[in-house]
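Chemist: Please model the entire structure based on the sequences and the hints provided.
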Amino acid sequence: DTAVSQTPKYLVTQMGNDKSIKCEQNLGHDTMYWYKQDSKKFLKIMFSYNNKELIINETVPNRFSPKSPDKAHLNLHINSLELGDSAVYFCASSQWLAGYNEQFFGPGTRLTVL
Amino acid sequence: KNEVEQSPQNLTAQEGEFITINCSYSVGISALHWLQQHPGGGIVSLFMLSSGKKKHGRLIATINIQEKHSSLHITASHPRDSAVYICAVSTPATGNQFYFGTGTSLTVIP
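Just so you know, the protein sequences line up as chains A and B, in that order. 774 is the number of the first residue of the first sequence in the numbering used here; add one for each residue after it. 3 is the number of the first residue of the second sequence in the numbering used here; add one for each residue after it.
Watch out, some of these pointers could steer you wrong.
As the list claims (entries may be wrong) - Keeping only pairs whose Cα atoms sit at most 35 Å apart, straight-line, the calculated DSBU-like set for lysine-lysine is:
#1 K809/A to K795/A
#2 K792/A to K55/B
#3 K70/B to K813/A
#4 K817/A to K55/B
#5 K57/B to K792/A
#6 K814/A to K56/B
#7 K55/B to K844/A
#8 K55/B to K814/A
#9 K56/B to K782/A
#10 K56/B to K70/B
#11 K844/A to K809/A
#12 K813/A to K782/A
#13 K809/A to K70/B
#14 K782/A to K57/B
#15 K814/A to K70/B
#16 K57/B to K814/A
#17 K817/A to K56/B
#18 K57/B to K813/A
#19 K840/A to K55/B
#20 K844/A to K57/B
#21 K809/A to K55/B
#22 K813/A to K55/B
#23 K809/A to K56/B
#24 K70/B to K792/A
#25 K792/A to K56/B
No wet-lab data here; the hints were simulated from the structure.
Modeler: Structure, rendered in structure tokens:
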């Protein structure tokens, strides 16, 4: 059973399109995250979300929006895609325990914007 | 300047060698994490530390809170250890989101 799953694994699209990446976790965790890994393999937090709070990294453009229909899902919507959005996007989840939060990562979604 | 600095950036070792990867951070942390990213891209959590030392098989992670420094050691390295090793810290000031180091790309040659 996959703990954290993402779909699709690969996404190729044109500039200007709107797309979504889905993330689901079956670990019963209460906090989920989205990370972006750029071409230099550097990981950066985009969002963290639990049932109490959405924390947004201030560098994330507002074209990106997380949507959580329930605790087990945190989807990433991207509007008006740009070339610079091409990257690998990782979803992760953890149980919020006053900072002692081991995170479990999804397999990643490679987004290519043409 | 990144909140988390790792060294070296790239490391090539012969099978059997003892390997050390270093991580320094500049922020107050809840915990420090060592992650492994294999060539296929998946990311796995190896260790989560808030003090002292942890050991798992051939992997050992240490942290010195006063010096804001952590090391990941691999004993008797093996080609299957070839991966990118990433240091990350979680900080209470930002809801325990991760700040990542730039990663250390390790290649172990048979």
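Chemist: It remains to establish, for every hint, whether it holds in the given structure.
Modeler: Taking the hints in turn, this is what the structure says about them:
1. For the given pair, K809/A sits about 14 Å from K795/A by alpha-carbon distance, which is consistent with the 35 Å threshold.
2. About 43 Å separates the Cα atoms of K792/A and K55/B, which puts this hinted pair outside 35 Å; it is violated.
3. The straight-line distance between the Cα atoms of K70/B and K813/A is roughly 25 Å, inside the 35 Å bound, and the hint therefore holds.
4. Straight-line distance between C-alpha atoms of K817/A and K55/B comes to about 26 Å, which keeps the hinted pair within the 35 Å bound.
5. A hinted pair counts as satisfied when its Cα atoms are at most 35 Å apart, and K57/B with K792/A does not qualify at roughly 42 Å.
6. A threshold of 35 Å between alpha carbons decides the hint, and for K814/A with K56/B the separation of about 26 Å falls inside it, so the pair holds.
7. With a CA separation close to 33 Å, the supplied pair K55/B and K844/A stays within the 35 Å bound.
8. A distance of roughly 27 Å separates the Cα atoms of K55/B and K814/A; the hinted pair therefore holds under the 35 Å criterion.
9. The hinted pair formed by K56/B and K782/A meets the criterion: a straight-line CA distance of about 33 Å does not exceed 35 Å.
10. Taking the CA atoms of K56/B and K70/B, the gap is about 17 Å. The hint holds against a cut of 35 Å.
11. Our distance criterion of 35 Å between C-alpha atoms is met by K844/A and K809/A, whose separation comes to about 21 Å.
12. For the hint pairing K813/A with K782/A, the CA-to-CA distance comes to about 19 Å; that is within 35 Å, so the pair holds.
13. A hinted pair counts as satisfied when its Cα atoms are at most 35 Å apart, and K809/A with K70/B qualifies at roughly 26 Å.
14. Proximity of K782/A to K57/B is assessed by CA-CA distance (about 33 Å); at most 35 Å being required, the pair is judged to hold.
15. Proximity of K814/A to K70/B is assessed by CA-CA distance (about 24 Å); at most 35 Å being required, the pair is judged to hold.
16. Pair hint K57/B plus K814/A holds up; C-alpha atoms about 27 Å apart against a cutoff of 35 Å.
17. Taking the CA atoms of K817/A and K56/B, the gap is near 26 Å; set against the 35 Å cutoff, the hint holds.
18. Only pairs whose Cα atoms come within 35 Å are accepted, and K57/B paired with K813/A is accepted, the gap being roughly 30 Å.
19. Proximity of K840/A to K55/B is assessed by CA-CA distance (about 38 Å); at most 35 Å being required, the pair is judged violated.
20. Between the alpha carbons of K844/A and K57/B the distance comes to roughly 33 Å, so the proposed pair stays at or under 35 Å and holds.
21. Simply put, K809/A and K55/B have alpha-carbon atoms about 30 Å apart, close enough for the 35 Å limit, and the pair holds.
22. At most 35 Å may separate the alpha-carbon atoms for a hinted pair to count; K813/A and K55/B meet this at roughly 30 Å.
23. This hinted pair checks out: K809/A and K56/B have alpha carbons roughly 29 Å apart, not beyond 35 Å.
24. Distance restraint check for K70/B and K792/A: the Cα-Cα separation of roughly 40 Å exceeds the 35 Å cut-off, and the hinted pair is therefore not satisfied.
25. For a cut-off of 35 Å, the pair hint linking K792/A to K56/B is broken: about 42 Å separates their Cα positions.
Hint violations for this structure: numbers 2, 5, 19, 24, 25, all remaining hints satisfied.
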